[in-house]
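2 protein chains.
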Amino acid sequence: MDDFAADPSHPRYESLLKRHLLENAAERGMLAGSALIAHGRGEAYDYLIGEKTIESAMIASKYALSKLKNTSRAVISVNGNTAALAGVDLMKLASLLRCPIEVNIFYRTPERMSVLLKHLEAIKQEYDLDVEILGATPDARIPGLEGPRAKCCHAGIFSSDVILVPLEDGDRCEALVAMGKTVIVVDLNPLSRSAKMGSITIVDEITRVAKNLVTMFGNNEEVLQFDNSENLRNTLNYINESLTEMSNSID
Amino acid sequence: MDDFAADPSHPRYESLLKRHLLENAAERGMLAGSALIAHGRGEAYDYLIGEKTIESAMIASKYALSKLKNTSRAVISVNGNTAALAGVDLMKLASLLRCPIEVNIFYRTPERMSVLLKHLEAIKQEYDLDVEILGATPDARIPGLEGPRAKCCHAGIFSSDVILVPLEDGDRCEALVAMGKTVIVVDLNPLSRSAKMGSITIVDEITRVAKNLVTMFGNNEEVLQFDNSENLRNTLNYINESLTEMSNSID
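Those protein sequence lines, which keep their order, are chains A and B.
For the first sequence, the numbering used here assigns the number 5 to the initial residue and increments by one for each residue that follows.
For the second sequence, the numbering used here assigns the number 5 to the initial residue and increments by one for each residue that follows.
Hints are computed from structural coordinates only; laboratory data are not their basis.
Keep in mind the model is a prediction, meaning the values are calculated, not measured.
Among the hints, a few may not be true.
Residues of chain A clear of chain B, computed beta-carbon distances all greater than 10 Å [stated by the list, open to error]:
#1 Met62
#2 Thr75
#3 Asp93
#4 Arg112
#5 Met183
#6 Asn224
#7 Ser251
Which bits of chain B does chain A cover? Going by a derived footprint, with three or more residues having C-beta under 8 Å, they are [to be verified]:
#8 98-109
#9 131-144
#10 152-165
#11 212-226
Glycine residues also receive a C-beta, built at the ideal position from the N, C-alpha and C atoms.
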């Protein structure tokens, strides 16, 4: 971060900071080739929700937090983009939840796994967090997936009943749901397969979500009722209404 | 392209091919650091229009082609992403229009300029096209811009009255409009500054646009009436309607 010189009052500061974090992560070998393209897609969808946490996302986040707090078998799964953008807050969340965090990447190579594990380990040291970091020695498989992308840890993803999987691939999301888990998806595209497949879908940007979950942790606000499809429809309606407004503003 | 092995019948073939072209271009030093993120944003907006040329885009393309054909001072401006994705068809279009093509990049470095010029030169040889490729020795400046991004060629962008500038930055687009040119923008985000600023805005993906312009060249179909704001509003209405449909399909 030392070489990031943008002015925090710059209107695009948040966006520039995220790009900077990802470019750094790419240089360090944390990201797959498609990671920057995926981030760009996220930027476009984020623009459509006004680059803020909208009401439907907050409702989903609160419900997700209730679910995470009310189990002893929660896990947080992180990939390259997630670790680069929200590694610190997700490590803090894992510490608050007393749950493990598992590095779990779609394009698994020993090099990328090692860099990501070191990245989380460094955060653990810097913030003095008591968190178990999993992923180094996968000893279980997600049924229904083929090849390296099925690999996971028995003590983490495999045995969990509630899993937070930001920016997850549709196939993997589906396989986790098929295992009977409560799958909490964070995806800016409300129409992605993951978004439609998840048990709880938070249509919001991962750094904002992670920050919100940490901030709300102490609130003890229980959300008991939640309908994911209805919430997704509300999100799409919100996007529609903003597009209509923006359309009307073209002169 | 030799190492691109995807099956053309794959539902994501077009999308995978574009990513492959960009990854190749990145390896060859043709792209700026932000190019892949920009492409990802494009993918997201393309998804919203169904990854096809919608009616409003076709109308804008036809009108743009009329304008390009009815002047002796047309120019096609290309940057890294444009050259990588649509270099061949834009070179063919320049040959049909008998107009120059100018390499004109936002983050100008001698290395990137050289790789891009060589890329277009190779297309010129391969397809035996009679096209003047400009950009190597800029000798003019676009008024209102600072630094290297103002550089352009007198015989190309500077003297043109109709300019096709796909995937252009908002500031540059504004500066070209201020010079009194008819600025034809190709941008998948109908709400970008370039889209709103352009004289003729084609909300479509650049490889489809370039192919359409080449295919339609011989048609001699004149489009005489065109209202860019109205056309943009039609595009937004189209997106709104598809989102509403997609929203209704969530069960």
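The hints, checked one at a time:
1. Met62: Given a closest Cβ separation of 19 Å, the condition holds.
2. Thr75: Its Cβ never comes within 10 Å of chain B, the nearest being 27 Å, so this holds.
3. Asp93: holds, 22 Å
4. Arg112: At roughly 19 Å from the nearest Cβ of chain B, Arg112 of chain A sits farther out than 10 Å, so the non-interface label holds.
5. Met183: holds, 22 Å
6. Asn224: Correct as stated: the minimum Cβ-Cβ distance to chain B is 31 Å, above 10 Å.
7. Ser251: Non-interface label on Ser251 of chain A violated, nearest chain B Cβ at 4 Å vs cutoff 10 Å.
8. 98-109: violated (count 0)
9. 131-144: violated (count 0)
10. 152-165: Three-residue rule not met by the segment 152-165 of chain B, so violated; n is 0.
11. 212-226: violated (count 0)
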